[in-house]
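A.B. asks: Starting from the given sequences, assemble the full structure and let the hints guide the process.
Protein sequences, first through last, are from chains X and G. If you want this note's numbering, it's the 1-based position in the first sequence plus 7. If you want this note's numbering, it's the 1-based position in the second sequence plus 7.
Don't read these hints as lab results, they were simulated from the structure. Some hints could be false.
Given that identical chains are not distinguished, each listed pair holds provided it fits within a single copy or across any two copies.
Under the rule of at most 27 Å between Cα atoms (straight-line distance), these lysine-lysine pairs were calculated in the BS3-like manner [what the hints assert, rightly or not]: (1) Lys-106 - Lys-143; (2) Lys-106 - Lys-147; (3) Lys-41 - Lys-96; (4) Lys-156 - Lys-174; (5) Lys-30 - Lys-96; (6) Lys-174 - Lys-96; (7) Lys-96 - Lys-178; (8) Lys-117 - Lys-157; (9) Lys-106 - Lys-174; (10) Lys-156 - Lys-178; (11) Lys-41 - Lys-174; (12) Lys-143 - Lys-156; (13) Lys-30 - Lys-41; (14) Lys-178 - Lys-106; (15) Lys-23 - Lys-117; (16) Lys-117 - Lys-138; (17) Lys-117 - Lys-156; (18) Lys-106 - Lys-96; (19) Lys-144 - Lys-106; (20) Lys-144 - Lys-156.
There are 2 protein chains.
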Amino acid sequence: MEGDETVEETALRELKEETGIEKVYLEQFHVFSKRGRDPRGPTLTIALFALIRSHQCKLFATGDASAAKWWPAYALPSLAFDHDQICAKALDALRAALKTRPLAFELLPKAFTLYQLQDLYEQVFGTSIDKRNFRKKVQKMDFICASGKKTEGGRQRPAMLYYYDAKRYTKFANEHFF
Amino acid sequence: MEGDETVEETALRELKEETGIEKVYLEQFHVFSKRGRDPRGPTLTIALFALIRSHQCKLFATGDASAAKWWPAYALPSLAFDHDQICAKALDALRAALKTRPLAFELLPKAFTLYQLQDLYEQVFGTSIDKRNFRKKVQKMDFICASGKKTEGGRQRPAMLYYYDAKRYTKFANEHFF
DNA sequence: GCAAAAGTGTTAATCGTACACCCATGA
DNA sequence: TCATGGGTGTACGATTAACACTTTTGC
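C.D. replies: Given below as structure tokens:
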């Protein structure tokens, strides 16, 4: 941490320095402090995950000359110290977060198709979901709104583009929980 | 933090020093690092909540001469710095934890009645739950087991004592989620 | 035409919810 | 006898889960 930065500001700065990516959703998930986790001496690691919109991921690949690179979460290379455990816990935290809060919309473009949304959940949870049941459920969530526009230039039939309405979600959540 | 303690060890030591309570369940919920949260300068607070079994709470009241004291979460006294915000976030984290994991059993005696379990959920979530529906649901959870023993010396009809079986929970969770 | 995704309903089973009364104990 | 919790079943509505085919587009 530099100057009087907060944890989140530090993470955003480092992420931008290493990958060029900015303006992402950040969430803390654990502080690692076990003895011996770094042979150089006692350390405290405050771990956060960042959610990066899918269309921004390619910017990263064409970034500067740093060693940063994408890896699938289920096939990481071997990492220094206890960083493999940190990544494993990050995945758990991500799944728990996606189950209980509307964070899928931080991973998709602002305008997305229902296929993209379903695919996201299937990939994160490693399940397959029935398309009709999924769409039926989405229709009941009035914070997922059809924009009226459709995809263009895809290899397939144009699909309706949806967007996430955070204000409607708040109302929805207040009515459905507690 | 002293010596090469972990965050959890520090919290357990401090808790014991201040209140005499030990061997509790601890869980991290947030790191507070906002500028200006402590006028004395930049600080980093790693916040944890502890779950203390109800029958151990009275030990606390008869503890040493420290200023530690029980307060209801919905009527806290005014606290230093941003500690009111930390407590508010602790309550949120506690509710989220109790909804998604079997942590109620860290708050009850090892042997508990169904009334105690229901009362716990009602108090934490501020709701009232139908007794018959609650018991029906508990019956389906085979990790909540009748011990065969009953309460003695209460003011009421003796009640069956139940216990939590962590191994069965693991099996149950694997079958019911994902 | 073919590959890829878009879109669309019905049925059966399960789950959640609402609801009221008698019982055993200690004070 | 009274206060306090202990203990029990049913019926209705809502939700979930299983399941297959036609459409539109680019190549």
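A.B. asks: Hints first: check each against the structure and report whether it holds.
C.D. replies: We went through each hint and held it up to the structure:
1. Lys-106 - Lys-143: both (18 Å within a copy, 26 Å between copies)
2. Lys-106 - Lys-147: For Lys-106 and Lys-147, both the intra-copy (17 Å) and inter-copy (23 Å) Cα distances are at most 27 Å.
3. Lys-41 - Lys-96: both (15 Å within a copy, 25 Å between copies)
4. Lys-156 - Lys-174: So Lys-156 and Lys-174 pass the 27 Å test inside one copy only (21 Å; across, 51 Å).
5. Lys-30 - Lys-96: This pair counts as both: shortest intra-copy Cα distance 23 Å, inter-copy 24 Å.
6. Lys-174 - Lys-96: between (30 Å within a copy, 21 Å between copies)
7. Lys-96 - Lys-178: between (31 Å within a copy, 20 Å between copies)
8. Lys-117 - Lys-157: For Lys-117 and Lys-157, the Cα distance is within 27 Å only inside one copy (13 Å; across copies 58 Å).
9. Lys-106 - Lys-174: Both. Shortest intra-copy (19 Å) and inter-copy (24 Å) distances satisfy the 27 Å Cα cut-off.
10. Lys-156 - Lys-178: Answer is within; shortest intra-copy Cα gap is 25 Å, inter-copy 46 Å.
11. Lys-41 - Lys-174: This pair counts as between: shortest inter-copy Cα distance 26 Å, intra-copy 41 Å.
12. Lys-143 - Lys-156: within (20 Å within a copy, 48 Å between copies)
13. Lys-30 - Lys-41: For Lys-30 and Lys-41, the Cα distance is within 27 Å only across copies (18 Å; inside one copy 31 Å).
14. Lys-178 - Lys-106: both (18 Å within a copy, 20 Å between copies)
15. Lys-23 - Lys-117: within (21 Å within a copy, 49 Å between copies)
16. Lys-117 - Lys-138: within (21 Å within a copy, 45 Å between copies)
17. Lys-117 - Lys-156: Answer is within; shortest intra-copy Cα gap is 13 Å, inter-copy 58 Å.
18. Lys-106 - Lys-96: both (15 Å within a copy, 19 Å between copies)
19. Lys-144 - Lys-106: Both. Shortest intra-copy (14 Å) and inter-copy (22 Å) distances satisfy the 27 Å Cα cut-off.
20. Lys-144 - Lys-156: The answer is within: 21 Å in one copy meets 27 Å, while 45 Å across copies does not.
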